[in-house]
Structures are given as structure tokens and as C-alpha cells.
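Undergrad: Respectively, the protein sequence lines represent chains D and R.
Be aware that the first sequence starts at 1, since it is given in the working numbering, and climbs by one per residue.
Be aware that the second sequence starts at 1, since it is given in the working numbering, and climbs by one per residue.
Since the hints were made in silico from the structure, they are not lab data.
Keep in mind the model is a prediction, meaning the values are calculated, not measured.
Backbone N, C-alpha and C fix where the C-beta goes; we use that ideal spot for every residue, glycine too.
You may find that some hints are simply not true.
[Said to hold, decoys possible] A few chain R positions that, by computed beta-carbon distances, are all more than 10 Å from chain D:
id: 1; residue: 67
id: 2; residue: 133
id: 3; residue: 153
[To be verified] Which stretches of chain R does chain D cover? Using the computed rule of at least three CB atoms under 8 Å from a CB of chain D, they are:
id: 4; stretch: 33 to 42
id: 5; stretch: 48 to 59
id: 6; stretch: 74 to 88
id: 7; stretch: 119 to 131
id: 8; stretch: 210 to 216
[Said to hold, decoys possible] Every beta carbon over 12 Å from chain D, so not counted as near; a handful from chain R, in silico:
id: 9; residue: 160
id: 10; residue: 161
id: 11; residue: 195
id: 12; residue: 203
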Amino acid sequence: MKKTVIVGTLILLLGAAGFAATGPDKKWAGVDETVVEKFATEAGHPPRPPLINPGEGDLLLFVFLVAGTVGGFIAGYCYRGLFPPKNKAPDKHSHV
Amino acid sequence: MNHDGLGTTRLGPALFATAALLLCCPPTASAMHISEGILPAPWAGLWFALSVPFLIWGLRDLRVRSEKEPMFKSLVGLVGAAVFVISCMPIPVPTAGTCSHPCGTGMAAILIGPSLTVVITSIALLLQALFLAHGGLTTLGADIVSMGVAGAFVGYGVFRLATALGVPRWPAAFLAGLLSDWATYAVTSFELASALHGSASVGHTFVAVAILFCPTQIPLGILEGLITAAACRFIETRRPGLIASLKQPGGGAA
Chain D
1 MKKTVIVGTL
11 ILLLGAAGFA
21 ATGPDKKWAG
31 VDETVVEKFA
41 TEAGHPPRPP
51 LINPGEGDLL
61 LFVFLVAGTV
71 GGFIAGYCYR
81 GLFPPKNKAP
91 DKHSHV
Chain R
1 MNHDGLGTTR
11 LGPALFATAA
21 LLLCCPPTAS
31 AMHISEGILP
41 APWAGLWFAL
51 SVPFLIWGLR
61 DLRVRSEKEP
71 MFKSLVGLVG
81 AAVFVISCMP
91 IPVPTAGTCS
101 HPCGTGMAAI
111 LIGPSLTVVI
121 TSIALLLQAL
131 FLAHGGLTTL
141 GADIVSMGVA
151 GAFVGYGVFR
161 LATALGVPRW
171 PAAFLAGLLS
181 DWATYAVTSF
191 ELASALHGSA
201 SVGHTFVAVA
211 ILFCPTQIPL
221 GILEGLITAA
231 ACRFIETRRP
241 GLIASLKQPG
251 GGAA
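So that you can see chain D by itself, here it is in the shape it has in the complex:
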């Protein structure tokens, strides 16, 4: 477990270091842009704008805030039931 955490952390740190070392002028585009969309554009099928505009300005921020508040509460509630504290054994009658 410790090795996994260490290796995973190292990979993330390497990624973050590489990200920081290149400075803000370097663009770390996603593979959807560098591979999928590039290939499709060269093949004559460039991507179109999304059918549904997800919103602009602070609208998305508002949606994220409301959704995060509701979701965080429910996540904590479900998590406590599925993974109870170590000193509380799970219900013997439950398989899940």
C-alpha cells in the first residue's frame, strides 16, 4: 500500500513539476485536441460546437456550488454507511 501511494505520488509530482517548469505560456492540451480533433480535422470532419451550450460567466460556478453542496452531503452520508469506522463492524446481514 505504501509503495503504491509513494509511486503514485511521485508520478503526480513529476507531472506537476513538468507542468510548472514549462511556464504559463506552454499549452498542455489534452489528447482530445492533440490527437482526436487534429486527426478528425485532417480527415475533413472537424468538431462542431456542442449542441447544448453549458453556460457562460458565473452560471457554471453557481451550478457547481449548488451541486457540490448537495452532492457532498449525500456522498458523506453514503460513504459512512459503506465504509464505517474501523471500530464499527458492518452489518452481518448485509452483503454490501
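Please arrange chain R on chain D, whose structure you already have, making use of the hints.
TA: Only chain R this time, still in chain D's reference frame:
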């Protein structure tokens, strides 16, 4: 432990998956998702048609298994939220200078089975297409097949095969995560190549696209394997026997 409250939280998993992912995901993400308009209509329709039987199978499994254990829906919701977050979490890869994301479908398939993984992946992809412009609605079927079907069934198959061969759960989960990630991007390459190969052969185009993915996805696949192994280890520590108890009709762990 009080199961009654959890068992009656019908909307919990869906709301949690929606909300947590919307909160955690950036407005723009970097992924294998095929954007709107890239696939010609006949190909988009074909991938939709291919995904439908798997969705029906998954929904049937959800009904059967949640009738036996009401808390199963909570577990599915939690795993669905994890897939949502993982599949839109851009991670910079220094070896390639690009960003990409793991998929989480290998881990999900180990925990809840491949057919249900298709269902939660479909929900995650739909929400991403609707609210994050991450993947398209017309290309949703292709994205479901590559990430949901291929990722889930390859991950599940590898895990079952490895454990049947006597491989411990940790390394088996690592292999499942690794190969499910690579399978997802291989199928994405095939979807692009089959629809857009032009005068070149499908095989040649497939190899060309897959090679373009390699610098990013080889390290990302390893990371996904580590995430999958760590998640399985965590669950085994906190709920010993949970993974083994999930061996159910239509999927579940070994």
C-alpha cells in the same frame, strides 16, 4: 450500522454522482472523448446501436441485484461518482507535454461488474456532454463503447483471469486498471480509423492514431493501474470480504 436510511436513499447515488462530479471537474477537460461532429452520422448511429444491448443488460442487473441488497444502489452511486471524477480529471504527462485522464472503468468493473459499469459510464458521459462540453451528444454511443464497454469488460476479464491463475488481488487489480485504460484508447483509435480512414486502410490508420496516443496513455495507464490497485486495497482494508461478496449474476468481483 444503520442500513435503513441508506437503503431508502433512492435519489442519493444519482444526485451524488451529478453533484460531486460537477463540483470537481474543470469546465474544459482533456480526454479520449470524441467531440461533437467528428463521426459521420451512420457511424455515430452504429456505435449507439452497439451500446444499447449493454445498457439494457446493465439496467436489468441493477434491478435484480438491488432487490437482493438495497444498499447496492449506494455502492453503485459511489462508484459512479468516482468514474465521473476520474474520467474528467486532466493529468499532465511530462513525457508527452499533453494532458489526459484515467477512466476508472477497470476499478468499477471489479467492484460492481462490467454491465453496471457500462450504465454508470453512460451517465457520466452524458453529464459531461451536457454540462461540460466534454464529448458530444451525437458521439455518445462511440464514447460509451470505448470507455464503458471496452474498458469495463477488458478490466473485468483481466481481473477474473488473473485471480483464477492465482495472481494476488493487488497485481490483478493493477493489470485490470492498466489494460482497461489501454483498451479504451485502442477502441477510440479504431472508432476514428474506421470512420475517417479515407483512402488509407483501416488498419494503417488505426495504428497511426494509436501511436499518437502512446506517449500520453502509456504512463497514464500505469497510473490508472496504481489507482485501481490502491482502491481495491483500501476497500479490502475497510470492508474485508466486500469484493469477494460481490460475485453476483452478470458481474462482480472474483
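Undergrad: So, for every hint listed, does it hold in this structure?
TA: Tested hints:
Distance to chain D confirms residue 67/R as a non-interface residue, since its nearest Cβ pair spans about 13 Å, more than 10 Å. Annotated as non-interface, residue 133/R brings its C-beta within 10 Å of a C-beta of chain D; the closest such distance is 4 Å. Under the 10 Å C-beta cut-off, the non-interface status given to residue 153/R relative to chain D holds; the minimum distance is some 22 Å. A stretch counts as covered by a chain when three or more of its residues have a beta carbon under 8 Å from one of that chain; for the stretch 33 to 42 of chain R and chain D the count is 8, and the coverage holds.
Check on the stretch 48 to 59 of chain R: 0 of its residues sit with their Cβ under 8 Å from a Cβ of chain D, so the three-residue criterion for coverage is violated. Figure legend: the stretch 74 to 88 of chain R, annotated as covered by chain D; annotation consistent (5 residues with Cβ-Cβ distances under 8 Å, at least 3 required). Check on the stretch 119 to 131 of chain R: 3 of its residues sit with their Cβ under 8 Å from a Cβ of chain D, so the three-residue criterion for coverage holds. Counting residues of the stretch 210 to 216 of chain R whose beta carbon lies closer than 8 Å to any beta carbon of chain D gives 3, which reaches the threshold of three, so the coverage claim holds.
Separation of residue 160/R from chain D is adequate, the least Cβ-Cβ distance of about 19 Å exceeding the 12 Å criterion. Separation of residue 161/R from chain D is adequate, the least Cβ-Cβ distance of about 22 Å exceeding the 12 Å criterion. With a minimum CB-CB distance of about 8 Å to chain D, residue 195/R fails to clear the 12 Å threshold, and the non-interface call is violated. Look at residue 203/R: its CB is around 15 Å from the nearest CB on chain D, clear of 12 Å, so calling it non-interface holds up.
Checked against the numbered hints listed earlier, the structure breaks hints 2, 5 and 11; every other hint is satisfied.
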